[in-house]
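K.L.:
Here the sequence shown stands for residues 1250 to 1678, where the numbers follow my numbering.
For the record, the hints were derived by calculation from the structure and aren't laboratory data. Wrong hints could be hidden among the right ones.
As the list claims (entries may be wrong) - No more than 27 angstroms apart at the CA atoms, straight line, and that leaves these computed lysine-lysine pairs for DSSO-like: (1) K1605 - K1380; (2) K1488 - K1404; (3) K1625 - K1255; (4) K1468 - K1456; (5) K1488 - K1411; (6) K1255 - K1294; (7) K1404 - K1357; (8) K1352 - K1294; (9) K1467 - K1380; (10) K1414 - K1294; (11) K1405 - K1276; (12) K1294 - K1276; (13) K1251 - K1352; (14) K1488 - K1467; (15) K1380 - K1357; (16) K1581 - K1667; (17) K1667 - K1628; (18) K1276 - K1667; (19) K1255 - K1456.
Only a predicted model underlies this, so the values are computations on that prediction, with no experimental measurement involved.
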Amino acid sequence: MKLVFKNVTIVNAYGREVRDVFVSGDKIVSPFDEEDARVINGEGKFLIPGVIDPHVHFREPGATLKEDFESGSLAAAVGGVTTVLDMPNNSPAITTAELLEEKRDLVKGRSHVNYGFHFGATGDNNEEIKKARGIKGVKVYMGSSTGDLLVSDSKKWVDIFKTAKEVDVPVVVHAENEERIRSRMDEFSGRTDAHVHTEIRDCECAKIALSSAIAVRKKVGNKLHVAHMSCAEEVLLIKNNLDSRLSCEATPHHLFFSEEDMVDSFLKMNPPLRSAEDMRTLWEAVRGGTVNCLATDHAPHTVEEKSRSYLEAPAGVPGVEFLLPLMLNEVKQNMLGFEQLVGLLSAEAARIFGLKGKGEICEGMDADLVLVDMEKEMKITRNMVRSKCGWSPYEGYLLKGWPVITVVNGEIVVEQGKVTEAMPGREVD
């Protein structure tokens, strides 16, 4: 397929310009004869590199009632996300090279967007980490969450970090301290309200765990990526230890909701929602450059599951479909620079996880592109949700700035909300 975006405003992390963009096959190329190409009028619209979400849970294998790669990647594509990195807390968890290959076979040919895989650390599978090919990160759950990948023994962290350094991928930490979680579960055992979740997994849990992870990283010298930052204490720790081998992400749910919104189990997540002051500090870290990238931690559960009591409901919320519109609305309100947003949503994730050909619009790069209409205004409703879980925490949000065309590997997969038959997603290099 050949495409030409005419008179479009290109936005990269380092600047913008108005010009034509030419696509042939799966690459952005130099100008060619437009006669046999589809020409798209981009005047008044913006073309950005495809969004990279480095933290999703597409639930396959093991929990496809909630989501699978077809439905999750469809939701991603509709939202302008062209690459996802999927987490390993499946059933079974992806902790061996053999299980990783089985997951690859399940996904191949069934994704609307590009994808990569994180690998699960158990503390006893370092040889499997070395054998696993093509992984983008090694996930360490320092505190318990969905699945059974908890590694709370600090003695095992050093060897995991060393192994990740050897295979040259980041350790991705879920930084919550398990000992404090268990202690506070006992302390608050009489409480059954949803808000107690924020008390049990308080910011001290995050601070203790992140301090430990940073100390191990300093000793080992590996790459460390901190998932779903949520607390002011975490922001300060990152600021005080910044270097090129330490990175972090923030999620939209921690940016748009505070603990005051925790009225039922639908907003139960790990780590939980924080105070309004933590939320403001996190926004400052996003705008100020302390936070490297945005990720959704897309963790879908069914409405039935989330309707249960706090003690019975699972933790996690969907998010991949509305990440870009939520943040474009912030740009539209002059709360965030457009170029900065491209860095947060694309360029930095490509750098951190070594995604070749991603994160920038220029000749020779992969043709993963999103055409954005900054004047388009829509309210999020439940009937527009493409995720198999069928709901969104952002229902009712009126947002201005939406993706109107999503291109993956040179093929249009979504146009004006309509999904084409193309399913060109492939595993990233």
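K.L.:
All hints are to be evaluated individually against the structure, with a verdict given for each.
P.N.:
To see whether the hints hold, each was checked on the structure:
A hinted pair counts as satisfied when its Cα atoms are at most 27 angstroms apart, and K1605 with K1380 qualifies at roughly 21 angstroms. Of the supplied pair hints, the one linking K1488 and K1404 holds, its CA atoms being roughly 26 angstroms apart against a limit of 27 angstroms. Only pairs whose Cα atoms come within 27 angstroms are accepted, and K1625 paired with K1255 is accepted, the gap being roughly 19 angstroms. For the proposed pair K1468 and K1456, the alpha carbon gap of about 18 angstroms is at most 27 angstroms, so the pair holds.
Note on K1488 and K1411: the hinted pairing holds, with a Cα-Cα distance of about 24 angstroms set against a maximum of 27 angstroms. At most 27 angstroms may separate the alpha-carbon atoms for a hinted pair to count; K1255 and K1294 meet this at roughly 10 angstroms. A distance of roughly 37 angstroms separates the Cα atoms of K1404 and K1357; the hinted pair therefore is violated under the 27 angstroms criterion. For the hint linking K1352 to K1294, the alpha-carbon distance of about 38 angstroms lies beyond 27 angstroms, and the restraint is violated.
For the hint pairing K1467 with K1380, the CA-to-CA distance comes to about 25 angstroms; that is within 27 angstroms, so the pair holds. Of the supplied pair hints, the one linking K1414 and K1294 is violated, its CA atoms being roughly 42 angstroms apart against a limit of 27 angstroms. Using a Cα cut-off of 27 angstroms, the hinted pair K1405 and K1276 is violated, with the two alpha carbons roughly 43 angstroms apart. With a C-alpha separation of about 21 angstroms, the suggested pair K1294 and K1276 falls inside the 27 angstroms cut-off, and the hint holds.
Of the supplied pair hints, the one linking K1251 and K1352 is violated, its CA atoms being roughly 32 angstroms apart against a limit of 27 angstroms. Annotation: proposed proximity of K1488 to K1467 holds, straight-line Cα distance about 15 angstroms (limit 27 angstroms). At roughly 20 angstroms between alpha-carbon atoms, K1380 and K1357 fall within 27 angstroms of each other, so this suggested pair holds. About 24 angstroms separates the Cα atoms of K1581 and K1667, which keeps this hinted pair within 27 angstroms; it holds.
Restraint check for K1667 and K1628: the C-alpha separation of about 17 angstroms stays at or below 27 angstroms, so the hint holds. Straight-line distance between C-alpha atoms of K1276 and K1667 comes to about 23 angstroms, which keeps the hinted pair within the 27 angstroms bound. Among the hinted pairs, K1255 with K1456 is inconsistent with the structure: their alpha-carbon atoms are about 49 angstroms apart, more than 27 angstroms.
Of the hints listed earlier, those the structure fails to meet are numbers 7, 8, 10, 11, 13, 19, in rising order.
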